Amino acid sequence: MYHGPSTAALYSEIVDLSGGLSSGPARGDEMGDGGHPITSLVDAAVSGDEPAWRELVDRYTPLLASVLRRFGLGATETQDVAQTVWLRVVEHLGSRREPQALPSWLISIAKREALRCVSDWQRSVPYDPLDPSWLPSATEGAEPDADLLRAERHEALLAGLAELSARQREFLILLTADPPLSYAQISERARIPRAASGRPGPGRWAGSGGLSLSRPTWPAGSWPGTRQPAWTVPPSATRMDRERGIWDDAPLG
Amino acid sequence: MTHRWDDDQHLLDDLSDALREARHASAIAAYGKGAYAWRTIDEELLLASLSFDSLLEQVQQRRSGPDDERVLVFTASPLSVELEVRPGQIAGRIIPQGAGEIRVEAADGVTFHIEADDAGFFTLPGAVRGLIRLRCDTATARLVTDWVRL
Chain P
0 MYHGPSTAAL
10 YSEIVDLSGG
20 LSSGPARGDE
30 MGDGGHPITS
40 LVDAAVSGDE
50 PAWRELVDRY
60 TPLLASVLRR
70 FGLGATETQD
80 VAQTVWLRVV
90 EHLGSRREPQ
100 ALPSWLISIA
110 KREALRCVSD
120 WQRSVPYDPL
130 DPSWLPSATE
140 GAEPDADLLR
150 AERHEALLAG
160 LAELSARQRE
170 FLILLTADPP
180 LSYAQISERA
190 RIPRAASGRP
200 GPGRWAGSGG
210 LSLSRPTWPA
220 GSWPGTRQPA
230 WTVPPSATRM
240 DRERGIWDDA
250 PLG
Chain B
0 MTHRWDDDQH
10 LLDDLSDALR
20 EARHASAIAA
30 YGKGAYAWRT
40 IDEELLLASL
50 SFDSLLEQVQ
60 QRRSGPDDER
70 VLVFTASPLS
80 VELEVRPGQI
90 AGRIIPQGAG
100 EIRVEAADGV
110 TFHIEADDAG
120 FFTLPGAVRG
130 LIRLRCDTAT
140 ARLVTDWVRL
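Protein chains in written order, with numbering that gives the first Met the number 0: chain P, 0 to 252; chain B, 0 to 149.
I should point out that these hints are in silico values taken from the structure, not numbers from a laboratory. Heads up, a few of these hints could be off.
[Stated by the list, open to error] Partial pick of chain B residues on the chain P-facing surface, computed with a CB cut under 7 Å: (1) Leu14; (2) Tyr35; (3) Ala118; (4) Phe120.
[As the list claims (entries may be wrong)] Some chain P residues flagged as far from chain B (calculated, every beta-carbon gap over 12 Å): (5) Thr38; (6) Pro50; (7) Arg96; (8) Gln99; (9) Pro143; (10) Leu147; (11) Glu154; (12) Ser164; (13) Arg166; (14) Ser181; (15) Ser186; (16) Arg188; (17) Arg190.
[Stated by the list, open to error] Here are the computed distance ranges between Cβ atoms for each label pair: (18) B:Ser50 / P:Pro143: 26 to 32 Å; (19) B:Leu149 / P:Ala183: 52 to 58 Å; (20) B:Gly129 / P:Ile172: 32 to 38 Å; (21) B:Ser50 / P:Gly71: 41 to 47 Å; (22) P:Leu180 / B:Arg102: 28 to 34 Å; (23) P:Pro178 / B:Ala24: 30 to 36 Å; (24) P:Thr75 / B:Gly125: 31 to 37 Å; (25) P:Leu180 / B:Arg85: 53 to 59 Å; (26) P:Pro143 / B:Pro95: 29 to 35 Å; (27) P:Asp48 / B:Ser50: 29 to 35 Å; (28) B:Leu149 / P:Leu180: 44 to 50 Å.
As the structure is a computational prediction, the values presented were derived from the model and not from experiment. Glycine included, C-beta positions come from ideal geometry on N, C-alpha and C.
Using the sequences and the hints, build the whole thing.
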């Protein structure tokens with residue numbers, strides 16, 4: 000459940016692909032007819048449409064990977080936790096009343112399962128209260144709040160990315176490639192006419208037949224002015240809640 | 000109030016950071032796609048959620064050791080299941096008590112059956128580990144538990 004502004008509302012505004020680029024809407028991209036892309040994908044997946052589920056997985060894998068990374072798990076543990084998370088999501092998908100809340104739900108399941116994995120590891124090691132490795136990982140950094148805010152920024156961006164069309168996502172991923180791609184390479188890979196993409200900078204992709212990247216608009220005084228996504232951590236969450244990631248209404252377990 | 004994302008380049012820089020840190024993505028996606036095969040489509044089947052796991056309680060209290068038992072409770076209405084996991088032994092109980100048939104499903108594809116006695120007690124081979132769930136069929140109801148990694 001969202002505790003504040005919907006990421007859908009925020010991020011559907013991030014990128015606007017103008018006409019003439021797409022070869023037709025991909026699955027789940029039917030924004031124009033009033034349907035939310037995630038809602039329609041969830042509905043389809045619940046009713047047995049496996050390609051819709053695969054599309055959801057593709058969209059939300061970066062978000063899940065980003066959340067799990069915070070727990071410092073190894074590759075095997077990360078994959079083990081991810082498998083549990085996906086199985087949990089598949090099983091509960093049909094009982095979710097708010098398909099648009101899928102990202103916040105996914106985040107909370109991932110945190111809980113990662114914590115379970117960390118707990119299992121910790122109990123296999125004799126407890127030494129003087130051993131600094133027993134400190135909770137969330138407080139290891141010199142600036143835990145800064146780390147937390149940074150992680151939440153990433154989660155918000157990746158949740159937003161998941162709601163964009165495949166083509167929009169592809170374009171943003173090209174724009175953020177590391178090492179950076181040249182604009183000629185981006186034009187070629189995104190199949191955008193050179194004339195439309197010939198000037199550097201995402202804000203300059205506007206133009207007929209080209210791309211425009213509009214910045215999101217936020218209600219005055221709300222996140223991100225307060226720097227903290229309200230739907231991730233409600234004010235009532237205690238510090239321990241914040242560190243453990245248990246402030247939401249995801250299914251237990 | 001301005002925000003760092005008011006600047007497109009900051010927005011893209013942050014997105015770039017976020018994507019760079021999203022590791023193991025291909026393996027994670029593969030597990031996600033494979034998960035669909037385990038989807039339960041039986042509407043009569045109760046879904047028993049993992050409502051208690053002593054592992055998560057113990058980590059707060061910092062008192063658990065490798066030999067401690069782990070207690071798991073899967074809750075549905077009107078049927079629930081408890082598991083006590085110890086090294087070499089896994090005992091379970093159906094609540095309310097009653098006989099039943101239990102199918103253990105492991106995510107690696109292995110399944111086997113066991114029986115719960117009239118008091119609802121059952122025992123799993125201690126070697127059962129990994130990602131599993133239980134399907135319980137009793138006179139009261141049928142349920143499937145959440146997946147859990149033992």
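Task: No chain B beta carbon within 12 Å of Arg190 of chain P's - done: The assertion about Arg190 of chain P holds, with a minimum of 20 Å to chain B.
Task: Non-interface claim for Arg188 of chain P, where every Cβ of chain B lies beyond 12 Å - done: Arg188 of chain P clear of chain B: closest Cβ-Cβ about 16 Å, beyond 12 Å.
TODO: Report holds if the minimum CB distance from Glu154 of chain P to chain B is greater than 12 Å, and violated otherwise.
DONE: With a cut-off of 12 Å, Glu154 of chain P comes too close to chain B, as the shortest Cβ separation is near 8 Å.
Task: Assessment of proposed distance window 26 to 32 Å (beta carbons of Ser50 of chain B, Pro143 of chain P) - done: holds, 30 Å
Open item on the list: Quick check: does the Cβ-Cβ distance between Leu180 of chain P and Arg85 of chain B fall within 53 to 59 Å?
Closed with: Check passed, 55 Å falls within 53 to 59 Å.
Open item on the list: If I take the minimum Cβ distance from Arg166 of chain P to any residue of chain B, is it greater than 12 Å?
Closed with: Arg166 of chain P is indeed farther than 12 Å from all Cβ atoms of chain B, at 16 Å.
Open item on the list: Less than 7 Å between beta-carbons is the criterion; does Phe120 of chain B satisfy it with respect to chain P?
Closed with: Phe120 of chain B check fails; min Cβ-Cβ to chain P is 23 Å, beyond 7 Å.
Open item on the list: Quick check on Tyr35 of chain B please, does its C-beta sit within 7 Å of some C-beta on chain P?
Closed with: holds, 5 Å
Task: Range hint 32 to 38 Å (beta carbons of Gly129 of chain B and Ile172 of chain P) holds or violated - done: The hinted range 32 to 38 Å holds for Gly129 of chain B and Ile172 of chain P, with Cβ atoms some 34 Å apart.
Task: Cβ separation of Ser50 of chain B and Gly71 of chain P, checked against the hinted range 41 to 47 Å - done: violated, 27 Å
Task: Check on Ser164 of chain P being off the interface with chain B, judged by Cβ distance over 12 Å - done: holds, 16 Å
Task: Satisfaction of the Leu14 of chain B interface hint, Cβ to chain P closer than 7 Å - done: Holds, because the Cβ-Cβ distance from Leu14 of chain B to chain P comes to roughly 5 Å (cut-off 7 Å).
Hints 3, 4, 6, 11, 21, 22, 23, 24, 26 from the list above are not met by this structure, while the remaining hints are.
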